[in-house]
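With the hints as constraints, model all of the structure from the sequences given.
Residue strings, one per chain:
2 protein chains.
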Amino acid sequence: MKPILFKWPLSASLPYQVEFYTLEKGFVEPNYDMHAAVHFVILLQGSLEKWKNKYDFFLSSAWEIHGKTYSRTGATLLVVAFLPDVLLNSVICDKEKISFFLHNPAVKYRACFLRPEVRARIRAFVEKMEFLEKEMRPNTSQKKWLEIVDFISDLVTLLDSYLPNKFSRSEYAKLEPALVKLASLENVPLSVSAAAKACFLSESHFYHLFKEFYGIPFSSYELYFRLNGAASDLSGGKMNVKQAASKWGFFDASHFSRTFKKFMGIPPVKYDR
Amino acid sequence: MKPILFKWPLSASLPYQVEFYTLEKGFVEPNYDMHAAVHFVILLQGSLEKWKNKYDFFLSSAWEIHGKTYSRTGATLLVVAFLPDVLLNSVICDKEKISFFLHNPAVKYRACFLRPEVRARIRAFVEKMEFLEKEMRPNTSQKKWLEIVDFISDLVTLLDSYLPNKFSRSEYAKLEPALVKLASLENVPLSVSAAAKACFLSESHFYHLFKEFYGIPFSSYELYFRLNGAASDLSGGKMNVKQAASKWGFFDASHFSRTFKKFMGIPPVKYDR
Numbered sequence: 078m079k080p081i082l083f084k085w086p087l088s089a090s091l092p093y094q095v096e097f098y099t100l101e102k103g104f105v106e107p108n109y110d111m112h113a114a115v116h117f118v119i120l121l122q123g124s125l126e127k128w129k130n131k132y133d134f135f136l137s138s139a140w141e142i143h144g145k146t147y148s149r150t151g152a153t154l155l156v157v158a159f160l161p162d163v164l165l166n167s168v169i170c171d172k173e174k175i176s177f178f179l180h181n182p183a184v185k186y187r188a189c190f191l192r193p194e195v196r197a198r199i200r201a202f203v204e205k206m207e208f209l210e211k212e213m214r215p216n217t218s219q220k221k222w223l224e225i226v227d228f229i230s231d232l233v234t235l236l237d238s239y240l241p242n243k244f245s246r247s248e249y250a251k252l253e254p255a256l257v258k259l260a261s262l263e264n265v266p267l268s269v270s271a272a273a274k275a276c277f278l279s280e281s282h283f284y285h286l287f288k289e290f291y292g293i294p295f296s297s298y299e300l301y302f303r304l305n306g307a308a309s310d311l312s313g314g315k316m317n318v319k320q321a322a323s324k325w326g327f328f329d330a331s332h333f334s335r336t337f338k339k340f341m342g343i344p345p346v347k348y349d350r
Numbered sequence: 078m079k080p081i082l083f084k085w086p087l088s089a090s091l092p093y094q095v096e097f098y099t100l101e102k103g104f105v106e107p108n109y110d111m112h113a114a115v116h117f118v119i120l121l122q123g124s125l126e127k128w129k130n131k132y133d134f135f136l137s138s139a140w141e142i143h144g145k146t147y148s149r150t151g152a153t154l155l156v157v158a159f160l161p162d163v164l165l166n167s168v169i170c171d172k173e174k175i176s177f178f179l180h181n182p183a184v185k186y187r188a189c190f191l192r193p194e195v196r197a198r199i200r201a202f203v204e205k206m207e208f209l210e211k212e213m214r215p216n217t218s219q220k221k222w223l224e225i226v227d228f229i230s231d232l233v234t235l236l237d238s239y240l241p242n243k244f245s246r247s248e249y250a251k252l253e254p255a256l257v258k259l260a261s262l263e264n265v266p267l268s269v270s271a272a273a274k275a276c277f278l279s280e281s282h283f284y285h286l287f288k289e290f291y292g293i294p295f296s297s298y299e300l301y302f303r304l305n306g307a308a309s310d311l312s313g314g315k316m317n318v319k320q321a322a323s324k325w326g327f328f329d330a331s332h333f334s335r336t337f338k339k340f341m342g343i344p345p346v347k348y349d350r
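Going line by line, the protein sequences match chains A and B.
Quick note, the working numbering runs 77 ahead of the 1-based positions in the first sequence.
Quick note, the working numbering runs 77 ahead of the 1-based positions in the second sequence.
Just so you know, these hints were derived from the structure itself, not from any lab.
Fair warning: this is a prediction, and the values are worked out from it, not measured in the lab.
There could be a bad hint or two in this list.
Said to hold, decoys possible - 27 angstroms max Cα-Cα, derived DSS-like pairs, lysine-lysine:
| no. | chain 1 | residue 1 | chain 2 | residue 2 |
| --- | --- | --- | --- | --- |
| 1 | B | Lys274 | B | Lys324 |
| 2 | B | Lys205 | A | Lys172 |
| 3 | B | Lys211 | A | Lys205 |
| 4 | B | Lys185 | B | Lys258 |
| 5 | A | Lys211 | B | Lys221 |
| 6 | B | Lys221 | A | Lys174 |
| 7 | A | Lys205 | A | Lys127 |
| 8 | B | Lys129 | B | Lys172 |
| 9 | A | Lys319 | A | Lys338 |
| 10 | B | Lys102 | B | Lys129 |
| 11 | A | Lys174 | B | Lys220 |
| 12 | B | Lys211 | A | Lys174 |
| 13 | B | Lys174 | A | Lys205 |
Right, here's the structure in full:
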C-alpha cells in the first residue's frame, strides 16, 4: 500500500491543526517524516503497531524522525500538529522547560506517557476537544488553541521529574542552525562539514552531538529529510520526477529514483499515482 | 483620605497580576491614573460609586484615564491587570478586534458590561480564578494567564455587535506615537504641537482626534499623566518634591506643588507620608 504523508500547512495565523482521523485496515504511514511542526497522536479506537489502549499517546518533537506506522485493525486517532515557536509565545511560565520538551526527541521518554496521571490528562484533553468540536461558537478556534497550550504545559509539569536531564536545551540550540539551513534548501545536499560550520562546531563534535541527540547520523537524517520532501512534492502531481530530483539535491533523476525506491519501497514515478 | 495608586510592575515574564482586594470604608482611588497595562475590576461584595451588584465590571483600556473612585461601604474586588501586547501574542484569532477592544477607551461601551450574557461570563471567570487560587499546582500561574486570555477573547466575541464602530483600530494607531513619546519622558512637558508631530498629523487634526478618542484634550491628558507619575514617585519616599518636579517636567518645585494640590487635593509634601 502506498504510504501517506501528513502535511502541515501551518503558519502564525493558523499555528495548529486538530483532526479526528479514521485509518483503514492496513494503513501505512511513510518511513520517514520530519518537519518543524510538533505533532501528537492519541489513539481513540482500534490499534496501531504496539498501541492497543485508548489514550495511548505518541509525540513527535520538532524535526524528529518518526518511523513507519502500520495499522492492522484500522484505528481512530486524534491528531494535533502545531508550531512550537507560536506555542511558546502563548506561554509565560517555564518557557525553557517547554521549549526543551518540544525540541528534544520524544522517543527518549515515550515510556512516561504510560503513567496513569499522564493518561488521565490525555483523556481530559480528548474530552475537551470533543466538546469544542460539537460547540458552534465563533471563537472555538481560539479555545482549542488555549486547550493545546494548557495541555502541553500540564504535560511538562507532570513529566518534569521524568524528563531526561542528560541533554539540556542548549544542546538543541547548538544543532538548530544546521536544521534551519537544511530546511531552507539553499544548499542541498548538505554535507556534514557544511552543517557543522553553520553551527560553529568542529565536524567531529557536530557528528557526535547530532548522533547522540537524534539517534542517527546527520547524513542519514539529511537524506530522509530530502526524500520526505521530494515525496511530498511528487504527491498530487505537483512536480515530476526530474523536478523533484533537482529541487531536493539529487544528482540526476535516475540516482533519485534508485535512492527513493530503496527507502520508500516504490519508485517515485509510481508514488504520484 | 490619601488617594492610593495601583502600581503594575508588569513585564514579559510576568505580564499580569490577579489580586483579590478588600477596600475599607471611605476608600478613595486617585483622580487620575493611566498606564500601558489594561486592567479590569470585578465587584464581589460591598459597593463602589455606582456599582452595587455582584459581578459589576469595570475595564480600563491601555492609557485610558480612570477617574476618582470612592467606596462608602467598603468593597471586595477582583482586580486583574495585564499587558495588552503580551495578551495579543497568546491570541491567534481576531487579533485586530481584540487589539481594538484593549486600546479603545472602555468608557464608551461600559453599558455593554451589564448585559446578562456578559455578566454570566464574568461570573464564570471569577469562579475559575477562585478555584485556581485554592489549587496548589506548580503551573497555576500559567493556567490563570490562559483564563485571562480566554475571558478577554470571549468578551470581545460577546460584545462584537455592541462595540462602537465609529472608531477603528487605525484611530488608536494614529495617536499611539504621541502616547509612547509621552511615556518615554524624553520631552516633558510635551506640547500638543510636538505630540502631533510625533504622529505625523497637523496640530488641529491631532487635537480633534485625541479629544474625540479620549474625551479630554491632549493637554489635560498630558498633565494628568505627569501628576500621576509624580505621585507614584513620591509615594514610599522614592523621590523628594524637587526631584519629582524635575523628572515630570514641572518648571520648579513651587509650581509643581500648586498644580499637584489643585488636582490631587493634598500638597505633594504630604503625599509622601
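Taking the hints in turn, this is what the structure says about them:
1. Lys274(B) to Lys324(B): 23 angstroms, holds
2. Lys205(B) to Lys172(A): 24 angstroms, holds
3. Lys211(B) to Lys205(A): Holds, at roughly 22 angstroms.
4. Lys185(B) to Lys258(B): This hinted pair holds, its Cα atoms lying about 25 angstroms apart.
5. Lys211(A) to Lys221(B): 25 angstroms, holds
6. Lys221(B) to Lys174(A): At roughly 19 angstroms apart (the allowed maximum being 27 angstroms), Lys174(A) and Lys221(B) satisfy the hint.
7. Lys205(A) to Lys127(A): Given pair Lys205(A), Lys127(A) holds - Cα atoms ~26 angstroms apart, limit 27 angstroms.
8. Lys129(B) to Lys172(B): 33 angstroms, violated
9. Lys319(A) to Lys338(A): Distance of about 15 angstroms is within 27 angstroms: holds.
10. Lys102(B) to Lys129(B): With a Cα-Cα distance of about 14 angstroms, the restraint between Lys102(B) and Lys129(B) holds, given a limit of 27 angstroms.
11. Lys174(A) to Lys220(B): 16 angstroms, holds
12. Lys211(B) to Lys174(A): Measuring from Cα to Cα gives roughly 25 angstroms; hence the hint holds.
13. Lys174(B) to Lys205(A): With a Cα-Cα distance of about 26 angstroms, the restraint between Lys174(B) and Lys205(A) holds, given a limit of 27 angstroms.
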